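*Asks:* Chain residues, written in single-letter form:
There are 2 protein chains.
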Amino acid sequence: MKRLTTLLLSVVAIAGLSGCQKDAEQAAVAAPQQTFKWKLVTSWPKNFPGLGTAPERFATMVNDMSAGRLQIKVYGAGELVPALQVFDAVSQGTAEMGHSGAYYWKGKAAAAQFFTSVPFGLTAQEMNGWIQYGGGQQLWEEVYAPFNLLPLPGGNTGVQMGGWFNKEINSVSDLEGLKMRIPGLGGEVLARAGGTPVTLPGGEIFTSLQTGAIDATEWVGPYNDLAFGLYKVAKHYYYPGWHEPGSMMEFVINKTAFEKLPKDLQAIVRVATKAINEDMLAEYTTRNQAALTELKEKHGVDVRAFPDDVLSKLQVLSEQVVAEVSAADPLAQKVYNSYKNYRDQVKAYHAVSEQAYINARD
Amino acid sequence: MKRLTTLLLSVVAIAGLSGCQKDAEQAAVAAPQQTFKWKLVTSWPKNFPGLGTAPERFATMVNDMSAGRLQIKVYGAGELVPALQVFDAVSQGTAEMGHSGAYYWKGKAAAAQFFTSVPFGLTAQEMNGWIQYGGGQQLWEEVYAPFNLLPLPGGNTGVQMGGWFNKEINSVSDLEGLKMRIPGLGGEVLARAGGTPVTLPGGEIFTSLQTGAIDATEWVGPYNDLAFGLYKVAKHYYYPGWHEPGSMMEFVINKTAFEKLPKDLQAIVRVATKAINEDMLAEYTTRNQAALTELKEKHGVDVRAFPDDVLSKLQVLSEQVVAEVSAADPLAQKVYNSYKNYRDQVKAYHAVSEQAYINARD
Numbered sequence: 001m002k003r004l005t006t007l008l009l010s011v012v013a014i015a016g017l018s019g020c021q022k023d024a025e026q027a028a029v030a031a032p033q034q035t036f037k038w039k040l041v042t043s044w045p046k047n048f049p050g051l052g053t054a055p056e057r058f059a060t061m062v063n064d065m066s067a068g069r070l071q072i073k074v075y076g077a078g079e080l081v082p083a084l085q086v087f088d089a090v091s092q093g094t095a096e097m098g099h100s101g102a103y104y105w106k107g108k109a110a111a112a113q114f115f116t117s118v119p120f121g122l123t124a125q126e127m128n129g130w131i132q133y134g135g136g137q138q139l140w141e142e143v144y145a146p147f148n149l150l151p152l153p154g155g156n157t158g159v160q161m162g163g164w165f166n167k168e169i170n171s172v173s174d175l176e177g178l179k180m181r182i183p184g185l186g187g188e189v190l191a192r193a194g195g196t197p198v199t200l201p202g203g204e205i206f207t208s209l210q211t212g213a214i215d216a217t218e219w220v221g222p223y224n225d226l227a228f229g230l231y232k233v234a235k236h237y238y239y240p241g242w243h244e245p246g247s248m249m250e251f252v253i254n255k256t257a258f259e260k261l262p263k264d265l266q267a268i269v270r271v272a273t274k275a276i277n278e279d280m281l282a283e284y285t286t287r288n289q290a291a292l293t294e295l296k297e298k299h300g301v302d303v304r305a306f307p308d309d310v311l312s313k314l315q316v317l318s319e320q321v322v323a324e325v326s327a328a329d330p331l332a333q334k335v336y337n338s339y340k341n342y343r344d345q346v347k348a349y350h351a352v353s354e355q356a357y358i359n360a361r362d
Numbered sequence: 363m364k365r366l367t368t369l370l371l372s373v374v375a376i377a378g379l380s381g382c383q384k385d386a387e388q389a390a391v392a393a394p395q396q397t398f399k400w401k402l403v404t405s406w407p408k409n410f411p412g413l414g415t416a417p418e419r420f421a422t423m424v425n426d427m428s429a430g431r432l433q434i435k436v437y438g439a440g441e442l443v444p445a446l447q448v449f450d451a452v453s454q455g456t457a458e459m460g461h462s463g464a465y466y467w468k469g470k471a472a473a474a475q476f477f478t479s480v481p482f483g484l485t486a487q488e489m490n491g492w493i494q495y496g497g498g499q500q501l502w503e504e505v506y507a508p509f510n511l512l513p514l515p516g517g518n519t520g521v522q523m524g525g526w527f528n529k530e531i532n533s534v535s536d537l538e539g540l541k542m543r544i545p546g547l548g549g550e551v552l553a554r555a556g557g558t559p560v561t562l563p564g565g566e567i568f569t570s571l572q573t574g575a576i577d578a579t580e581w582v583g584p585y586n587d588l589a590f591g592l593y594k595v596a597k598h599y600y601y602p603g604w605h606e607p608g609s610m611m612e613f614v615i616n617k618t619a620f621e622k623l624p625k626d627l628q629a630i631v632r633v634a635t636k637a638i639n640e641d642m643l644a645e646y647t648t649r650n651q652a653a654l655t656e657l658k659e660k661h662g663v664d665v666r667a668f669p670d671d672v673l674s675k676l677q678v679l680s681e682q683v684v685a686e687v688s689a690a691d692p693l694a695q696k697v698y699n700s701y702k703n704y705r706d707q708v709k710a711y712h713a714v715s716e717q718a719y720i721n722a723r724d
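Top to bottom, those sequences are chains E and U.
Everything in the first sequence is counted per my numbering, starting at 1 for the first residue and increasing by one.
Everything in the second sequence is counted per my numbering, starting at 363 for the first residue and increasing by one.
No lab work stands behind these hints, which were simulated from the structure alone.
All values reported here derive from a predicted model rather than from experimental measurement.
We put the CB at the ideal spot given by N, CA and C, even for glycine.
Wrong hints could be hidden among the right ones.
Under 7 Å between C-beta atoms, here's a sample of chain E residues computed to sit facing chain U [unchecked claim]: (1) F147; (2) V159; (3) P245; (4) V271; (5) A275; (6) N277; (7) L317; (8) S353.
Could you put the whole structure together from the sequences, leaning on the hints where they help?
*Replies:* Here it is in structure tokens:
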């Protein structure tokens with residue numbers, strides 16, 4: 001209010017000397033209320049449930065909070081850049097911002113794999129704790145700094161499902177020769193268990209399972225899996241998703257673009273990402289439970305647990321894989337040390353809180 | 363930008379007719395960039411760890427995002443109004459906003475008890491799902507509408523601890539005659555198990571336990587309990603906190619004050635509450651685990667689980683108490699039906715996700 005009054009008075013004072021019209025326009029040009037237009041590229045189909053609706057909500061929040069001073073246009077995968085070029089596009093400034101998953105960028109920085117989800121790693125609640133109060137954010141910024149990127153949490157799917165199988169998994173030996181669509185660290189673990197991990201984009205999963213080109217696939221959880229119709233081409237739906245126990249999405253922001261924003265718009269962007277990080281997990285928790293009920297009751301899906309000895313074997317192999325990946329890169333090792341230390345402590349805490357409570361209640 | 367330019371041009375146009383100075387002042391008064399100053403009253407000591415730091419962070423976020431156009435001053439309990447008059451003060455407009463816990467207002471509206479935590483009820487993640495995507499928010503607004511209040515989630519402590527005891531709890535009979543500081547629904551459950559619930563403000567707990575005036579107390583969790591020094595005056599630290607499995611704090615906003623804000627400031631307030639709701643749980647998760655380690659390793663605290671049969675009995679009694687409280691009030695019954703339906707479904711989902719995963723990992 002004060003600033004505007006001063007501005008108006010100064011305009012008028014000058015106008016009194018040299019004519020109102022011209023100086024008013026000059027003052028308006030110098031005003032701080034500049035409008036910014038940003039492009040936000042994503043790795044998801046436009047408005048894909050959960051993953052794709054989150055950046056749309058983010059853009060709406062920012063637009064509303066800034067009264068239109070920061071307008072963000074969201075692009076689905078392939079609209080401006082391909083799904084897996086989000087990191088490069090934002091790093092180079094083709095887009096000011098992106099929404100994706102850090103583990104896609106392991107080729108750029110091995111340490112990036114710790115900032116989405118790790119086999120037998122942190123849950124959503126634990127991940128938020130590590131990132132925000134356990135030193136994770138600082139490490140993440142260090143990993144992305146060479147790319148001129150500021151990373152921020154962008155939502156979480158919660159614990160994913162183990163996947164869709166056309167073969168029963170009754171023992172570790174049933175994993176041998178299993179052709180399964182499972183990317184990243186989870187795929188490497190499967191390979192060590194004797195399986196054959198396959199990387200396929202989402203759009204090819206259904207047909208590959210139908211034709212028998214693959215024996216199994218993981219995707220996300222009931223909400224997204226129901227939308228894909230995977231229950232039509234697979235016999236068994238296994239749990240839990242040991243390979244992705246709480247996948248955190250990411251916002252990446254081009255630092256040069258961010259620094260051009262006034263402080264209030266910077267704060268608006270930061271706070272909106274926190275709100276989205278909270279919102280996505282709430283949405284998945286609710287939609288997943290409704291979808292699971294529909295899968296079981298309407299589609300008669302056979303939902304079953306991996307046997308304990310299979311999970312134990314996968315956990316041993318996971319620890320080996322993650323330790324080896326970390327040992328090969330000094331920054332990955334630094335991140336892993338922090339992550340592992342947090343996980344060990346939080347396990348002890350959850351043994352007396354979340355885990356103890358849910359086991360007592362259910 | 364356009365708006366300001368138009369404003370300046372119109373000021374100047376009028377000035378051309380009748381003199382710049384006077385009309386500029388009138389236009390400034392009508393300008394949209396008004397500054398608002400709000401009071402935010404809380405039920406916590408000023409800057410109390412977690413509960414009290416959250417509203418301070420909220421005020422900072424709002425100030426930063428609004429470039430000082432909405433300035434919020436936070437008051438600790440008793441500074442402007444007593445801890446348990448937050449609801450009334452905001453309802454009547456003494457303060458524009460408050461930060462507290464809904465279950466304190468059961469005397470105003472029985473249904474309010476469902477919006478903090480319920481014995482054997484929802485965890486933090488589940489509560490966020492119910493409130494935001496399961497119909498909880500709409501019901502909460504209905505409960506608070508007669509009081510001219512808009513409620514919004516304001517953080518979560520996660521699963522609390524069962525409490526500090528100077529007597530071992532080895533069977534249900536050990537609860538008989540137990541004098542324990544435990545308010546609300548949890549206290550009613552203890553009473554039905556033969557105990558004597560006592561209501562005491564936080565500041566009197568330590569001495570009451572030390573003198574033997576009470577045999578036991580619950581408070582929050584390791585982070586807050588360590589700060590209170592309760593380990594010095596109690597022998598055993600029990601888990602889990604069956605009575606408060608995920609206590610959601612609340613922001614309450616005077617609706618008349620809220621409606622006076624321009625749309626962008628309204629959006630800023632709403633989004634900042636979501637960010638705080640996410641932030642507090644991350645903070646508690648991290649600080650609780652560090653505090654638990656300190657309690658065990660530095661202070662040698664005996665951390666132990668309630669026996670299974672004690673938890674089973676408390677669960678049966680809890681279901682009875684909650685059903686009876688609901689049956690006595692139509693709106694409480696409506697809220698309970700929604701809450702219970704959500705809990706039953708989410709239990710089924712967590713059996714294959716969070717619960718299955720944590721049990722496999724740990």
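*Asks:* Are the hints correct? Go through all of them and say.
*Replies:* Hints and how they fare:
1. The beta carbon of F147 (chain E) is not positioned within 7 Å of any beta carbon in chain U (closest approach about 25 Å), and the interface hint is therefore violated.
2. With a cut of 7 Å, the hint placing V159 (chain E) at the interface with chain U holds, because the nearest CB-to-CB distance is about 4 Å.
3. This hint holds: P245 (chain E) has a C-beta 5 Å from the nearest C-beta of chain U, less than the 7 Å allowed.
4. For the restraint placing V271 (chain E) at the interface with chain U, the shortest Cβ-Cβ distance is roughly 5 Å, inside the 7 Å limit, so the hint holds.
5. For A275 (chain E), the interface hint holds, the least distance from its beta-carbon to any beta-carbon of chain U being 4 Å, beneath 7 Å.
6. Below 7 Å, beta-carbon pairs count as interface contacts, and N277 (chain E) has one with chain U at about 6 Å; its hint therefore holds.
7. The interface hint given for L317 (chain E) is violated, since its Cβ lies 14 Å from the closest Cβ of chain U, which is over the 7 Å cut-off.
8. Interface hint status for S353 (chain E): upheld, as the beta-carbon distance to the closest one in chain U is roughly 4 Å, under 7 Å.
The structure shown violates the earlier hints numbered 1 and 7.
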